[in-house]
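Using the sequences plus the hints, can you model the full thing?
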Amino acid sequence: MSKNVQMVIVHIAVAVVCFIGALIFFNGRISMEKGSAVAEIANPSYPVLEIGNDTSSYNLMAGYKEDIDLSLVRNQITLTNNKNAVILKLHDYDYDITAIQYTLFEKTPDKPTETGTLNQLTSNKKKNIKLGTLTFKNTLSENKIYYLKFGVRLDNNTRINFYTKIQSGSGYHLDDYLAFVLKFHNNLFSKETMTENASYLEPSADTIDDNLESVNIHSGSEAISFGNMEVKQETKPRITLQEINNTYTVIQVSTILSTEVSEGVVRYYDLKETYKLRYTAERMYLLDYERTMDAYYNSSIIDSANNLLSLGIQNKKNISYVYADKGYKVCFAVQGQLWYYDYQSSDMYKIYSLSSENLPDIRNAASNHGIKLLSMDKKGNIFYLVYGYINRGRHEGMNGIQIMKYNAGTNCNEEISFLSTSLPYDSMKEDLEKFSYLNSKSVFYCILEGDLHEIDLEKKSDKIVEAGLVNESLTASKDQSIIAIEKEQDIYKNKKIEMIDLESGKKQNFTCNSDKRIRAVGFLSNDFIYGEADAADVSRSRNGMISFPITKIHIVDIDGKTIKEYKKSGRYIMDTEIKGSILEMTLGKRSGNKIQKTNTKDYIRYKEEEAEDAVTLTSKYTDTYWTQLYFKFPNYIYIQVVPDLLLTKIMVNEDDVTLKLSNSGEQVEQYYVYASGVQKAVYTNLTEAIARAYEERGNVIDSKENILWKCIYADYAQVAGMDNVIKTGTDSTSLAGCLSMIAAVNGKEVTPNSINIEKDSIEELMKKYSGHTTRNLTGCTVDEILYYVSQGSPVLAKISSSRYVIVMSYNATKIRYLDPVTGQSTAVSRTEVTNRLEKTGKVFYSYLIH
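First residue of the sequence shown? That's 1 in my numbering, and the numbers climb one at a time after it.
This list has only true hints and no planted wrong ones.
Here are the simulated distance ranges between beta carbons: (1) N706 to E357: 38 to 44 Å; (2) A205 to R283: 24 to 30 Å; (3) D602 to K405: 42 to 48 Å; (4) K561 to K316: 36 to 42 Å; (5) G570 to S440: 46 to 52 Å; (6) K405 to N156: 25 to 31 Å; (7) S754 to S569: 52 to 58 Å; (8) E763 to K144: 24 to 30 Å.
For the record, the hints were derived by calculation from the structure and aren't laboratory data. The C-beta atom is built at its ideal place from N, Cα and C for all residues, glycine as well.
Following this line, the structure appears as structure tokens:
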């Protein structure tokens, strides 16, 4: 062997040794920094369960390690087939599961209606599933909702549970619904078959079709069929039966799509469709259709000609991001994935993903989880939350909040804490996105179900600082480091606001005289704004809505010192909105005893924030993809090179970082608006919730899963058993007469003379004589309150200044009410009754029998 060859071999050997040594050194450095090893983030591993029938599988269920709040399955309903059974399809993957235990119950698994074990599971090796038919011993009552809990034991002795709502499927035509949905869905992918769908659509000239991210029943056929895009289905459509009754059915379909952007470059999309349908023997009616299509981020797609990073087809509201170091670093969350871009190193880091790299994997289908960015420093170190159902890693199968830290120096994630809670994802998202903050002393603050938590992550302690907060009780600064709390739940009575600096712990209190009331307006920068009103002018309408005409605006700094005040004689501020560094005020004026809103506005132009080198979102239109979203950078940053994609790892921490969150039990009653399969809003006022649900064509439920209002109900209905009209003869006794008739229909004998209407409020009186929780529906429209009649409940209505009647039936043209003054049952046109009832203030009360 020549000397040159020997030298080459020696150099190679030395290089290999150095390389291995470097790997050991840096891995050891990382491990030493945290005293633990580093690993890949584990992929989803738990089995999943589906319901099957002759047409399709539906209702994919993820496995939970712990018992859950039943509100977690409010968006899913399973039907028995005509043999009082359900077909189960178990994807058990690497686990050899031989039996499925079940518990059928109404309110709690501790009081089951039926229990048992399904031992006969048949393997289908081609589809890698196990099949079983669960036939119930007892026939499920029609029109009654039950809950079904399935339990399986994994190879490692871990037990997980699956949950669904269930009801008897008799007469619901589920097969017809599923067949229609699948055909409509599959027709979307061909211009020829799309013509079959066109007859079900209701295109509107008012709909602007320029964005494929969101389309609906009023969109044109071109938008519905993806415009000029050539899309391919990567997964079979996954079906969720969200709602079914004798009037309509709601079904959601989701799938993963792909399109080839350029040769070898593929972008994936999450497609979700919501169908609202009505079956008749003659035809199927498509009552509503909504669809979203949102892109997964692909780091290889840039727009170098325009200096942009492409996010693809997106809803701007679904993108959260922070930037630092003059815009050279940006971190963003999109489609359940967290990304970090470092311009100077031209690297794109995939920090965290709720789905595995294999997007079509059915275990990625669980969508009840999210990511929230908390902060990023100039070095690129990031704090963030992963919340909802955790589908991968050490907390797989649990529900809660992971507090995570990404270390840019080591390219590793670290789990700081896991906060266990049974709160459903939709509610968690509403609360955490509104306010959550981690301070520099490792104390985490958040609101959950009206409780303000102060969680010391080092001491693993949870303290509820304030309980019973309602939607507007807490206001936070832009960076959420300062909060202001109205100390009275009822703003009608509020005379004190407490401001807290969550970094220093310093508190400032703002109060007013007994003849005044104060409320928070918001923050400009880190300066707090609150308004002061005369107590005599603060009013509450019959439905509980507050009018708060502000006479004086206070702006104070973090130390509570007054910076600016605004007050003008005879001027009232009815609404406020903060726009950048400007406070916009909508004014009102007094007319007699009332203060009414006007169209006049005034402004407080506040100190301008220092100009920043901002990273912003911008959109651009193309013929193929229509409107797409992009990141736009400061003009000294040039996006010309596709960044290198780097994956992160996670510190392996053997310590238990789990903390179970406490609950004060002092939650204010809240009403949840659901439409198109998602939670749209939460209200503390039922009338407002119903108005929103009417607008969204959705439903209202309470925290106990009781349905309080539905947008679609029977075309005609009558309250059974209200045959006799009790005559009292005068307006002043009409309320007592109505209460007497309500008592009678609920099996109680109460004469009008025995009812003291001065003793209690109408709500309390109605609850007493009906035996049911009364709902104050004041402010609702007549069309809205007829839902209660459709459910067999009479509606107490005020028809003149002091006269009450009972609305007890309706059809397409008339409404019938019982009038205790005349002693007659009167049927009047819907238009006439509506005019009379709305002129007297739309005062309504009713109840539902759950």
